[in-house]
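**Q** Residue numbers (the numbering used here), protein chains in the order written: chain A, 1 to 597; chain B, 1 to 425.
These are computed hints drawn from the structure, not numbers from a lab.
Hints are supplied without guarantee of correctness; some may be wrong.
[To be verified] Below, computed lysine-lysine pairings styled on DSS-like, alpha-carbon distance capped at 30 Å:
#1 K151/B with K479/A
#2 K401/B with K479/A
#3 K315/B with K576/A
#4 K182/B with K195/A
#5 K79/B with K315/B
#6 K461/A with K182/B
#7 K172/A with K151/B
#8 K194/B with K191/A
#9 K182/B with K193/A
#10 K315/B with K193/A
The structure displayed is predicted, hence computed values, not measured ones.
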Amino acid sequence: MKTRILALAAALAANAWAVTPQDIERYFQARWSSQGVTPSATVADAVFLRRAWLDLVGVVPSPEDVPAFEAERDPAKRSRLIDRLLSDPRFGQAWGNRFKNLLLENSDVAKNRRLIHPFELWLAQSLNSNLPYDRLVRKLIAGQGSVHENPEGSYVAQFRESPEALTGHMAKRFLGVQIQCAQCHDHPFEKWKRKDFYGLHAFFARVKDVPVPLDGLAALRAGKFDEALFAAQKEGRDPRKQQRRARVLEQLASQLPEPSLKPDALAAEMALMNKGKPPEKARTFVVVDRPRGEAVIPDLKAPPGDKSKRPAGEEVHPRFLDGTAPTWPDPFVNRREELAAWMTDKKNPYFARALVNRVWSVLLGRGLIEPVDNVAAPAEKTHALLLDRLAAHFVESGCDFKGLLRLIASTSVYQRSIAPSTKNAKDRAEFAHGSTRPMEPEQLFTSLLAATGAEEALRAKGGENIEVMRSRMMDRFAKVFENDSGEEDEQFHGSLTQALFLLNAPALHRSLAAGPTGTVRQAIEAAFHAGAAAAGIAHLYLAAFARSPTPEESLAATQYLDASGATQAGRPLRGKPQGWSDLLWSMVTSAEFLVNH
Amino acid sequence: MSRKESGCLDCRLGRRGVLKLGLAGIVGALLPDALVRSAFAGAPPAKAHSLIVLWLAGGPSHIDTFDPKPGARTGGPFKAIPTAAAGLSLSEHFPQLAEQARQVALVRSMTSNEGSHGRGTYYLHTGYVPTPTARHPGLGAIVSKEVGDAKSALPNFISLGGPSVGGGLLGQDYSPFIVQAKPGKPVEFLAPPKDVDPARFDARLKLSARMDEAFARAGGVEDARTHQALFARARRLMDSPLTRAFVTDDEPAAVQAAYGQSDFGQRCLVARRLVEAGVRAVEVTLGGWDTHQDNFTRTKDLMGQLDPAFASLLKDLAARDLLSKTLVLCLGEFGRGPDINPRDGRDHHPKAFSVALAGGGTRGGVVLGSTDAEGRAVTSRPVTVPELFATVCALMGIDGKKVYMAGDRPVPLVNKGRTIAEIVV
């Protein structure tokens with residue numbers, strides 16, 4: 001075992017921190033050959049194109065992109081594609097969305113819906129500008145200000161009902177450390193104790209979110225404290241609450257940072273927020289840090305008491321997971337800054353591994369280490385060595401997020417076919433064949449708009465309000481397509497409601513009708529132009545599957561069109577477009593469409 | 001937080017805990033369901049075939065509804081009225097329910113520590129407090145998994161007007177079929193688009209099957225199979241005459257009126273029809289009980305919706321000889337405290353609240369437990385949420401000790417509660 005690890009270590013370039021795609025390939029080649037596993041073939045250009053589009057920009061490629069990519073002669077065209085997609089503005093949206101799903105887990109709580117859109121916009125702009133990942137996480141952990149102007153604070157604010165859950169979630173998502181059990185008891189088989197959990201928890205003991213009307217916020221920033229207070233007073237008539245709020249407002253005024261959302265994103269957000277309501281009615285939360293307050297390790301043996309009162313137990317002070325404690329330079333320091341600095345420090349053993357493992361699992365359907373959020377596991381785990389090297393690479397690259405995606409997507413491991421070979425069918429952990437991954441709701445929504453051509457109609461209809469319209473449609477769509485597990489699905493599952501939507505939803509049906517624009521119309525025109533159904537069929541396959549039909553598929557589709565009266569002996573007829581709609585319907589509701597493969 | 005109720009029980013089990021679970025638990029975690037059942041025969045005999053949950057979202061004020069305190073300073077303006085059951089008084093705004101009180105087992109001594117909506121909703125749906133280590137299944141999902149018929153055309157668990165809580169670690173197959181549409185009308189997306197006639201619909205499904213065959217050949221075998229099975233299940237539902245249960249226009253006007261003109265009332269009527277059609281678990285949501293302001297006006301209005309619906313449901317089920325086989329459970333995430341705040345509201349109060357049960361093997365006309373003169377604290381026979389879940393599972397013929405795995409953690413269906421013997425026949 002040890003010699004094999006050494007051999008594998010040698011397969012990774014020694015000394016230098018930089019890992020190349022070839023290093024990763026050599027690592028897997030060595031493993032495959034030592035285990036007698038044969039890798040599946042590398043995918044064809046069209047398959048690679050669709051996979052990379054969905055993974056990097058969250059939507060299927062357009063029908064024109066497929067032949068253009070296939071025709072490119074440049075041997076480096078796949079890396080060029082990756083670069084192009086990483087600089088596409090949709091990259092930030094797609095990955096922002098993914099992070100949102102991982103980070104705003106309470107987003108199905110209705111009252112948190114108002115946190116979602118600004119959070120997504122902020123993630124999108126940060127990822128598109130390739131904000132180094134360590135800085136991104138610092139903002140998420142330590143963010144202050146209004147969750148509309150500075151949406152990074154939403155991550156912390158969403159846990160207002162159960163602050164302990166924040167500590168467990170944060171450790172799991174950003175550090176890959178499963179410390180949540182230690183909230184109630186010392187961990188049975190990992191090293192974490194309750195005092196570790198509460199030591200971490202204590203960094204958040206002083207954070208508070210304060211509801212403020214949006215117009216009061218503007219007054220606060222302008223230094224008009226009385227006006228802001230007045231605006232806040234309209235919020236409620238409870239005098240005790242007003243007094244408390246007045247004290248918090250005082251701190252709040254001094255902690256209001258400049259908006260981190262860019263002005264255009266902020267304006268778009270406000271448009272969504274208001275939805276016809278007068279702006280002064282819109283409320284926001286401001287995340288602030290109070291100057292005092294300590295966490296307590298609740299005494300589990302104490303009788304059940306009133307939760308509104310301070311729980312009985314031992315006071316606990318901030319302590320990092322390695323047992324060291326921060327020294328505060330100033331009594332009013334934002335403690336969360338200190339925690340974020342420790343988390344994102346180059347020497348932190350968890351931070352980079354957690355992210356690398358997560359990204360690997362998004363792109364390859366499974367983490368290098370499983371479960372994906374438990375990277376603190378010991379080094380004897382399969383692929384722990386590779387994960388360490390990749391993590392070191394990531395840190396040394398300055399937490400270059402796009403760079404990490406580029407590295408993994410450029411490896412031939414990422415480009416394996418999902419079709420297993422006889423010698424790797426059972427394998428999952430060695431990545432010898434690709435895996436299918438169900439589309440996330442946002443990917444599916446965006447891809448349905450693209451593949452049916454409804455996107456174009458939406459643009460025409462929506463005009464300036466297109467983002468508002470799209471966002472409302474997406475909200476409705478998400479109600480149908482969100483799964484309730486809160487975790488990414490490993491394989492396509494689907495619910496009865498989703499099936500009924502795909503089979504019968506009028507909105508989907510309309511987008512598939514032969515309207516003046518849209519994919520079905522284009523297919524019909526292509527068929528007339530060529531004088532043959534096959535040209536139209538090919539267009540549908542490109543739009544939905546990003547590939548050309550096989551001759552058998554083309555023939556079967558032609559037969560369907562003939563039977564429906566849309567064509568006669570393969571020649572298009574005017575007046576009966578239904579068969580074309582049916583064909584595209586059967587594609588965009590199929591398993592091949594619903595998963596990334 | 002008491003250790004017993006701590007949601008970390010499941011995680012405390014860990015590897016060491018497996019030893020404590022004993023053989024049945026371990027084998028239960030490893031063997032297919034059927035084998036376990038025959039090998040250990042842990043499931044109690046079922047008294048109820050179906051479960052109807054009336055979910056009062058927001059946390060109803062027990063003091064103004066099921067546990068009236070008319071003499072108390074904080075008792076509010078509502079009077080208590082006697083009911084058909086001796087010793088069981090209810091708020092004056094439950095006149096119809098009062099007539100049905102001999103069917104009702106009222107627990108006035110529920111107690112919990114979860115005073116926030118999210119956590120309380122999870123707790124009163126799953127019997128576990130939320131923990132990051134396991135996603136516990138909701139009660140409807142447990143029923144669907146344990147006693148549901150995987151082949152039935154109608155889903156085994158249907159949620160009317162609310163999201164409920166899904167299958168969690170049991171899997172999405174057991175999550176509720178959620179019907180948000182206007183009650184009494186056909187389910188959304190149940191019928192094909194207007195211009196898709198049956199012949200075209202069939203032709204489209206054949207095309208769909210062919211698409212999936214091609215994808216299976218390209219390596220997507222599992223996905224293609226799952227996808228076709230899902231479409232087949234949807235098709236079975238679409239074709240089933242049982243979906244008539246959702247559409248109430250064939251009910252006599254007097255019956256529709258009896259349930260009240262509210263959406264909730266009409267959903268209760270649908271629930272009765274679904275149970276008649278064989279559905280195992282139905283949840284009906286009535287929201288709006290989070291009365292931090294204007295508690296009395298709002299609670300009175302909500303009782304005006306709950307009273308005719310709940311009472312008619314019991315009456316109707318009994319008239320059809322279904323009540324003995326249908327367990328009705330009426331509850332929210334917590335109660336509301338006796339202190340009346342400056343906005344004439346009452347705030348969250350998990351320490352003492354009421355749950356009403358009826359039918360399905362419960363003992364009617366019984367009051368269990370009591371609270372103090374103000375309704376602030378439980379004074380006799382405190383009942384925990386796991387006890388309530390143990391009771392419901394027992395009545396439904398479900399072995400609450402049955403263990404499922406959340407990753408490598410064994411999680412029993414019911415978190416260690418004992419059946420509440422006093423309210424069971």
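**Q** Each hint needs a verdict: does it hold in this structure or not?
**A** To see whether the hints hold, each was checked on the structure:
1. Distance restraint check for K151/B and K479/A: the Cα-Cα separation of roughly 26 Å lies within the 30 Å cut-off, and the hinted pair is therefore satisfied.
2. For the suggested pair K401/B and K479/A, the alpha carbons sit about 34 Å apart, so the restraint of at most 30 Å is broken.
3. Our distance criterion of 30 Å between C-alpha atoms is broken by K315/B and K576/A, whose separation comes to about 55 Å.
4. The straight-line distance between the Cα atoms of K182/B and K195/A is roughly 51 Å, outside the 30 Å bound, and the hint therefore fails.
5. Taking the CA atoms of K79/B and K315/B, the gap is about 24 Å. The hint holds against a cut of 30 Å.
6. Pair hint K461/A plus K182/B holds up; C-alpha atoms about 29 Å apart against a cutoff of 30 Å.
7. For the proposed pair K172/A and K151/B, the alpha carbon gap of about 39 Å is over 30 Å, so the pair is violated.
8. Distance restraint check for K194/B and K191/A: the Cα-Cα separation of roughly 62 Å exceeds the 30 Å cut-off, and the hinted pair is therefore not satisfied.
9. At most 30 Å may separate the alpha-carbon atoms for a hinted pair to count; K182/B and K193/A exceed this at roughly 51 Å.
10. Between the alpha carbons of K315/B and K193/A the distance comes to roughly 55 Å, so the proposed pair goes past 30 Å and is violated.
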